[in-house]
Amino acid sequence: MKNRELNLIKVLLLALGLLIPVSLSAQETDEKLVGAEQILDPDKPVALSVEALKKKVIELNRDLFILEEDLLFPANTQFVVYVSLDTGKFLQLDSIKLTIDEEVVAAHLYTESQTKALHNGGMQRLHIGNLKSGEHQMVVVLNGVGPNNKELRLASDLNFEKGSDIKSLEIRIKDESSNYQPSISIAEWN
Amino acid sequence: MPVSTNNNRTEPRNTIFGVGSVVILLLCLLSFPVLSETYVTKETTEESPTRVRDLSYGSVLYEYYQGHAFEALSLINVAKHKGGISGHGDHPALVEGGLMLSYGMAQEAKKRFESVLKDQVSASHKNEAWFYLAKIFYLQQAFQSSIEAIRHVDKALLKQDDVGLYHDLVYMEGEISHRTVSMVDKVDETLQHQITLLDERLLLQSYLRYNQVVMLVDDGNIEQAILSLSKLVSDLVVKIDSWGTDENELTELIALKEQCLLSLGQLYLGQSRAQEAFKVIAAIRKGSVFSDQALFSYSVAAANLGEFGLALSALNQLESRPRFSPWLRQVPYATAYLYENLNEPELALEAYRIASKQYQRYSAELDAESQNLTEEKILVALNIEQTIGTQKIQTNAYGKLNVSPADFGIASLLASETFQHDLSELHELYQLKTSLGRWSNQLDSFDEMMTVRNQLREQKIERSVEKLKAQNADQWVVGQVAISNKIDAALDSEDVLFFMGQEQKDYYQRIRRVHDNLADFPEGDQKQQYLEKISRIDSYFSWWVTDTYGVNRWQAQKQSNALSREIEAFTEHRKKLDRVMSSNERNDALAERITSGRQRLTVLGQDLDISLNESRQRLLEQVRTELGVQAAETRTYLLASREAQARLSDALYRKQLNHTEDEMVGKDEVQNNKEATQ
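Residue numbers (the numbering used here), protein chains in the order written: chain F, 3 to 192; chain H, 2 to 679.
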């Protein structure tokens, strides 16, 4: 009984700062490594490894994505609009509005992470829909903050022909070094 | 990890001031901003991005740069399915590998990077692939393989291409040397080198400096450790004061500073420099993740300075904290021990009695907690019961969760690599389950779409059938055949009259009428004149018809052929229409894809439930083990408190007995003296 109490007092003395603490013992470290390696072992027999599950899930998501497109937007009527931002030093993008044949089909307010993604070279699929073959008109209006913190409103339009294939358009926002202002244009992809 | 599962110990653990364990805890708790630096740095250092040459790749990058690994991976797979990404060489493979790593698919990511290395790729891409391979091996704690991979990295090129990855590499090298090299001097030399390679403004550099202190403590070089730690604390204070707007990194800096203060205070205590310890520990915030440990250290420092009132006050504050924290287990015993050392045996006895009762209650509670432990309780302790499986929980670039536990006590478990891994896995499995639910709804809506499509189709068919009926299409065909037959017969019989033009037919009718009229006309000269005249007309008409026979026949045949073609096209169109109306191939194919998706979803759901259950059990087992260790410690404290209680009671009883005996002896002596006097 006395021994146990003495041990405890020794522990308390440690707690009271009479001995300097030590870090993990070598044995504990070894246990830790072994434990982690076991966990990370890809051959570890689990019901179905999480990686394999994830792989299946990604494949399923891919197939559903394509199925959705085939169902809702058949290739002969599909019409897609993307947004890209080239450098974007002269524009802090705030919102965008897309009109097709005088009907607003998309409007978007940008978050900080979305503008960063655009800034880094990502392209946003702003709109996907169906259009009949023939002549159409697209108008895009964007709002943001330009140089000297001035509110900016830029617009562009395009008359285009929709054929029997997928039609893809890109709204390009870029910096004009000539006048230190952002500009907007619409490009057709073949 | 720092929580050992050694159940053979009979003493309560000295869980205080485990510097090494806290380093790991910090790295686990704070790893997100460190590892996410890759993204942050890219924003600020990259040249103007090259315009994407493939729209699908642009969409992938849009998700990638927002940290949406799953969405980006799905889009890459869609692009591959539709013919691949063109115009970007092997970069998509690198991006895909990075995304897989981020989505916790280390093995798949490894395969991607290895395949990139086998291809003819640019030096930059190869370099990046080697870096990521090194990172994967490092995460798997296969340090030798990681070192091998690092040897292939051209550091100058990596620094030039992506300074964030370069910093990550330097930090990784420091960490590997810390964990693999047995000679302290050599490790210190390597670490010092890595520290000098990193900008002092970087958080990574502060971590490496902290790890260097840990090594000095391990090596017994306490004075140098105190100096280094003091310098690190003052540097961190300056860094915090001049910090920008990044809240995440600021929180991380403050946590690191407080960890340093706590370690410094503990080192001072170890050197019997209680005054300095008291000062640095007092600078730790009450709401800090280290506040329990700090409060205990504070009481120790106060006790060493003879400030017993402050020490007791600190211990009393700790008493009121939730009991899960192993740091608090020693408080009741320490309080009693403090009273005993203050030469207050009665108070100490009472404190030991209270401690015994508390430990008894704790022990019962821990047993009950272990028996009634549920996944939900663990999630509540981690403060993620509402957010697990959602995107509200941030994960770092390697899939580890950024969790701020509601119960600081669980932080020790959270620091373990195994627990972190299982927790991340549980989170991912819940995410998958959420996705499965969403897809099930999506498939339901697809079903509805198919129903609507089929209904519309039926309606269209009905309308078409009615239109066909109204057209009397069959009669048209019969008519065309009849005309064709007549023309053939007229051709065979060279029936000149049959091929007459409209004008000729009109004349022919008029001539016939004249002949009919003349037949009823009375005989005479006038009739004769008329007959001669009509005869001349007949002759002329015959010549005219014969003369135009070729042209008329050709016209008739031309029209007949045109009609045949029209009828043929019409018949073909109608056949096609009949075929389309009788078969629903396209919709059937779509419906089949929906059915197949649903079947796959069902199988996945079953697999997911099994994996989820296993993951849940592993997590529960770890917490139960931890609770078991805590229960064993509590029982040891209980036993010790009772033993101390018995010892003190005995001592007090003896003291009282001696006092009574003394009094009795005194009384006897007085009585004897009285009697002697009388």
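There may be inaccurate statements among the hints.
Chain F is nowhere near these chain H residues, computed Cβ spacing over 12 Å in every case [to be verified]:
{"#": "1", "residue": "R52"}
{"#": "2", "residue": "A124"}
{"#": "3", "residue": "L380"}
{"#": "4", "residue": "R514"}
{"#": "5", "residue": "H574"}
{"#": "6", "residue": "N588"}
Covered stretches of chain F, as calculated for chain H (at least 3 residues, CB under 8 Å) [to be verified]:
{"#": "7", "region": "69-76"}
{"#": "8", "region": "130-137"}
{"#": "9", "region": "148-156"}
Keep in mind the hints are simulated off the structure, nothing from the lab.
Just so it is clear, CB atoms sit at the ideal spot from N, CA and C, and this is done for glycine as well.
Outcome of the hint check:
Consistency note on H:R52: stated as away from chain F, yet its beta-carbon is not over 12 Å from all of that chain's, at 7 Å minimum. Look at H:A124: its CB is around 21 Å from the nearest CB on chain F, clear of 12 Å, so calling it non-interface holds up. No beta-carbon of chain F is positioned within 12 Å of the beta-carbon of H:L380; the least distance is around 18 Å. A cut-off of 12 Å between C-beta atoms confirms that H:R514 is not in contact with chain F; the least separation is 57 Å.
Non-interface call for H:H574 relative to chain F: holds, since the shortest CB-CB distance, roughly 19 Å, exceeds 12 Å. Against chain F, the non-interface label of H:N588 is violated: not every CB pair exceeds 12 Å, the least being about 10 Å. Counting residues of the region 69-76 of chain F whose beta carbon lies closer than 8 Å to any beta carbon of chain H gives 5, which reaches the threshold of three, so the coverage claim holds. Counting residues of the region 130-137 of chain F whose C-beta sits closer than 8 Å to any C-beta of chain H gives 0, which falls short of three, so the coverage hint is violated.
Residues of the region 148-156 of chain F with a Cβ under 8 Å from some Cβ of chain H number 0, which does not satisfy the need for three, so the listed coverage is violated.
The structure is inconsistent with the numbered hints 1, 6, 8 and 9, although it conforms to all the rest.
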